[in-house]
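Kindly produce the complete structure, drawing on both the sequences and the hints.
One-letter residues, chain by chain:
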Amino acid sequence: MPIMTVRDVCYEYIKGKPVLKNVDLDLEQGLVYCIFGPSGCGKTTLLSLMGGLDVPTSGEILFGGKTIKEIGDSEYRRHCVSFVFQNYNLIDYMTPEENVRLTTKENPLKYLTQVGLKRTEARRNVMKLSGGQQQRVAIARALASGAPVILADEPTGNLDEDTADEIIELLKQNARELNRCVVIVSHSNAVAEASDIVLELSHGLLNRVK
Amino acid sequence: MNIWKRSIATLVRKPLRSVLLLLIMTMIGVMILSTLMIRTAANAQTEALNQKLMTTFTLEKDKYNSDLYHMEAFYEEGVPYYSGPLFSEELYETVLSIDGVKAGNWERSTGAYMETDQLELFYGTDREEYETGVLRNAAEELPNDWVLRVGLTHCLFPSEYNSRLCEYFTSGRLELVEGRHIEETDECVALISRDLAEKNGLSLGDTIRIGASRLLDEGPGDEELEEAMKHRFDDCVFGPYVMTIIGIYEIKVVPEIDESNSSTPNQPENMILIDAKTGEEYWDYRLQMLLPYVSKDEAVSEINRYSQTMTFEIDDPSHMERIQKELYEKMPETEGFLWVTNATAVEAASAPALWMMKLLRTVMIGIIAAGAVLLTLVMLFWTKARRQEAGTLLSYGIRKGSVLGQLLLEGLILVLIASIIAIFPAKIVSNKLQDSLANQAVSETQGEKEKLLRGSMDSVSDIYARRTYNKLRDFTPETVATTITAKEVAAMLAINLITVSAAVLISGIPIYLMKPQKILSEEK
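Residue numbers (this note's numbering), protein chains in the order written: chain A, 5 to 214; chain B, 262 to 785.
Careful: at least some of the hints might be erroneous.
Claimed, not checked - With a straight-line Cα cutoff of 25 Å, these simulated SDA-like cross-link-like pairs (lysine to any residue) come out: (1) B:779 <-> A:45; (2) A:73 <-> B:771; (3) A:132 <-> B:509; (4) A:109 <-> B:774; (5) A:132 <-> B:355; (6) B:779 <-> B:641; (7) A:132 <-> B:273; (8) A:114 <-> B:776; (9) A:132 <-> B:269; (10) B:779 <-> A:79; (11) B:779 <-> A:131; (12) A:109 <-> B:270; (13) B:266 <-> A:96; (14) B:661 <-> A:110; (15) A:73 <-> B:774; (16) A:122 <-> B:262; (17) B:779 <-> A:181; (18) B:661 <-> A:83; (19) A:25 <-> B:776.
In case anyone wonders, no lab produced these hints; they're calculated from the structure. Bear in mind the structure is a predicted one, so any value in this text is a computation, not a measurement.
Right, here's the structure in full:
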């Protein structure tokens, strides 16, 4: 049984000009999904809808057989899905530790060291870290939430190749070992190759290519 | 992280923003607190004026009504006597029984027939006037040197039920500086002037003797004048009474010397206020003295010829009309009295403070409105700058209430700190402000005061208008002392809290209404 089902979802920013057209998708736990497509094709929009950050114009998104509305917006975002944003969206006045603590009551260092951050770096202001380190914090925050679905928007877009590989490996490892479902929106071929299922979004339609 | 930790972390780690907001809130707090302090002080000033001038009305014989004065045959010189309504115990009690009347004073002059046997008085400047005036009537057969010498022992002894309400004190011409006022239950007590006390080495608790000797009634006899003077109280026609000095007053407004006050008994330093019981006994004595010669009615009328007033303190100037109406209904004859109120004086003297209060009300509304707008704009700017943070928190399932609550809590913490800080500069600012405001208030209300004064002159009498003017001159408040009380601080805090809460809620509306995706995409 899929953990998440995207059923017949349409989305329009401007009436009559759909960005997503009747998108259907079943997401399974333990797998890494990659959604790719040209800029502006609606990848991030689809991810936002799946993450409960926006509401589809029509159609529905089910989690464990329940709609987001049934679960409740906040409950859904807190316990069902977790985001890794393209621009990290870290809280700028907090340390990496505090950013991670927003999503978990566990020791944040566990997750921060998992993504390769040193203890001293974990207690610095987050804005004093490099772009790569900030991305690791964002990933650690998503992993720490314990949500079964991780939605990552271009998680390696700002990283060098080696770091990007490490991050992808970490997400894959999480999917395998913790039976999570990881959905990555990316332009990167490396990400697509590392993913279990690859989907292409084009002209509002989602097609499986791998 | 819970809402408290997030709020404190924001405030501490974004110091520039926190300090800026704190400064704005402190400034608003200072203005509000200063305004409240000045307003309270102005209010207190008005209250104090009401207390000091007191809202009173005085019943006086209408000296300008010729119908009430008649030339009576038993005075060959043709001294007019008063035939209008008489002051009585019944009248006094009736007025006191009216709702809203707090206290009363019945003041009766004893004329200048009473004397002291041991005091050295302040001599008047015109002894001839005295000689040919008051005493002449009583001692027409006596040699001039006797009259003059005896006259130097006479002074005015107004008797008072409650000297606190005596017009000398309510008008501010006299001020009690030691001891206490005369009350209705007192017997054989006196208030004397500081000048007289110093001249005679008297202080509180000391006694003086007063009475009426036979010298003016019976003449010198065989004794020499000075010898007769020494022993005149051995056998008085009235008294002597041993009076205990219970209060000492100072003369604050020295009357101009004119023909009415140039004699020894009229010197203000010589006036001795005595209790009502002693005064009443003297009046009875005068009455009994007249009865062999005239009818009782004539005697009573003669006694009432002397100056008498009844002054009543009321709780609220707005009750004056009702009280007057009630009294006229109960005792219609009292309409023959002149009804003199000092409400005009209170109103006129309070005008600057009232003007200030009116202005401050407007200023405070302005400050609150401007402060609310400024704070809202700053908070809007601040909240807009923090939308990315809000969007992120929402995307991780933190509820909108918690996100807005954090903004509110941050604002409230700053307001609390700002309110405490504001207390110190507010004291300085309020003092500076009140000085300039008070000066402006005095000049702004000058016209109003003049108008009130002119009104009182037109509507009552010249004497009353002069009295009003004296009160006005003496009590016009030119400065207002400000103090900080818990009430004002609490009010300032409440206003600040409401303002900041409103500003946070207004600036938080977009966060409340927008989806997280919209918030985050706007920030990209």
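Checked hints:
no., hint, result
1, B:779 <-> A:45, "holds, 17 Å"
2, A:73 <-> B:771, "holds, 21 Å"
3, A:132 <-> B:509, "violated, 80 Å"
4, A:109 <-> B:774, "violated, 29 Å"
5, A:132 <-> B:355, "violated, 88 Å"
6, B:779 <-> B:641, "holds, 17 Å"
7, A:132 <-> B:273, "holds, 17 Å"
8, A:114 <-> B:776, "violated, 32 Å"
9, A:132 <-> B:269, "holds, 20 Å"
10, B:779 <-> A:79, "holds, 19 Å"
11, B:779 <-> A:131, "holds, 24 Å"
12, A:109 <-> B:270, "holds, 18 Å"
13, B:266 <-> A:96, "holds, 15 Å"
14, B:661 <-> A:110, "holds, 23 Å"
15, A:73 <-> B:774, "holds, 17 Å"
16, A:122 <-> B:262, "holds, 21 Å"
17, B:779 <-> A:181, "violated, 34 Å"
18, B:661 <-> A:83, "holds, 16 Å"
19, A:25 <-> B:776, "holds, 21 Å"
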